[in-house]
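Novice: Sequence:
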Amino acid sequence: MFFLQCRSLRECIKSVRFIFQCLAYYDIYRAKPSLAVLTDQEVLEKFLYVIKARGNGPIRIYKLLLAIRKAVTYVTKGSAKQSPSSSFLEKALKDYQKKKKQHQNRQYTCDPTYTLLSEDQYEQLRERCELFLTKAATLADPQKRAIAKEFMEHLILLTLVSVAPPRHQVFSFLEPRHLVWREDEKSYEIQMDGVDPGLKYGHPVLLLLPPALSVFYKSWIETFRRIYLNERTSNYVFPNTLGGRATKLSPGIEKLTKKYLKVVLPISKFRYDVKVFLDLLDV
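Here numbering that gives the first Met the number 0 is used: the sequence shown runs in plain steps of one and ends on residue 282.
A portion of the hints provided could be inaccurate.
Quick list of in silico lysine-lysine cross-link-like pairs, DSSO-like style, CA-CA up to 27 Å [claimed, not checked]:
(1) K143 - K99
(2) K45 - K31
(3) K134 - K100
(4) K90 - K76
(5) K62 - K76
(6) K13 - K97
(7) K143 - K98
Label-pair ranges, simulated between beta-carbon atoms [as the list claims (entries may be wrong)]:
(8) P210 - R244: 39 to 49 Å
(9) P141 - E188: 53 to 63 Å
(10) R144 - T75: 34 to 44 Å
(11) Y48 - K258: 19 to 29 Å
(12) P210 - V263: 22 to 32 Å
If you are wondering where the hints come from, they were derived from the structure by calculation, not from laboratory data. Yeah, the Cβ is synthetic: ideal placement off N, Cα and C, and Gly gets one too.
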């Protein structure tokens, strides 16, 4: 089936939904959604014009065009070249594949648009987070309830500056089963295969947390997480207040970096900050 040909079902559904939302919103195609309409060259030309006008980047446009080609291949039973839009679609794909590579090359060679933190700044974040978490662990339960969310945010930030930071997805998808206690090291290890749940590119994560950091993970799991959830249940280590998957962790991290360093750094940028790795390697 068409959906099974995509890298992930969720990504495929999102791409197709977005395509038909654009077609309807911009009055390109308002009838009942049908993949067959994507074989119409006029429809594709208008759609491509719209997504360029909306300011979508070359990587996003290339992925949408790939999704369309998969849909066309399914509709034509594997003979996409028989589609009236095949020549236009293949030319657009070739053009945007080139633009995508050019865009990626620029990202690799240009200076980052976000702030690079120094070794002293990372050390300052570590000290502030450790101080907050240590004090929080000694409070009475009513006081812990008031700062449970802050405890979670400080714990995530301390993780980011204590180990080679993973993709921010990991913190959203992390479940108790992914935290494996290593008795020899007296610490937790994050073990995710990258497939269940699906991480970007499907790459696995094996990350041994330092013992000092693992102590705070124990406090979170055994005490603060229960208080934060207010006796609700959740499948996630870092859930939202209702027990579901937390999808907005970055605002808390940005708030803390601004508070401690007067610099706003999103959660997604820590893994790209070269000085993190230099610090860890003592270079």
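Novice: Against this structure, judge whether each hint is valid.
Specialist: Structure-based check of each hint:
1. K143 - K99: Violated - the C-alpha atoms of K99 and K143 are around 48 Å apart, more than 27 Å.
2. K45 - K31: Answer holds: K45 to K31 is near 18 Å, not above 27 Å.
3. K134 - K100: violated, 49 Å
4. K90 - K76: holds, 21 Å
5. K62 - K76: holds, 21 Å
6. K13 - K97: holds, 24 Å
7. K143 - K98: Roughly 51 Å separates the two Cα atoms, so the pair is violated.
8. P210 - R244: 39 to 49 Å: violated, 28 Å
9. P141 - E188: 53 to 63 Å: Distance hint for P141, E188 is violated at roughly 34 Å.
10. R144 - T75: 34 to 44 Å: At roughly 59 Å between Cβ atoms, T75 and R144 fall outside 34 to 44 Å, so the hint is violated.
11. Y48 - K258: 19 to 29 Å: violated, 45 Å
12. P210 - V263: 22 to 32 Å: Taking Cβ atoms as reference, P210 and V263 lie about 31 Å apart, which means the hint holds.
When the structure is compared with the earlier hints, violations turn up for hints 1, 3, 7, 8, 9, 10 and 11 and for no others.
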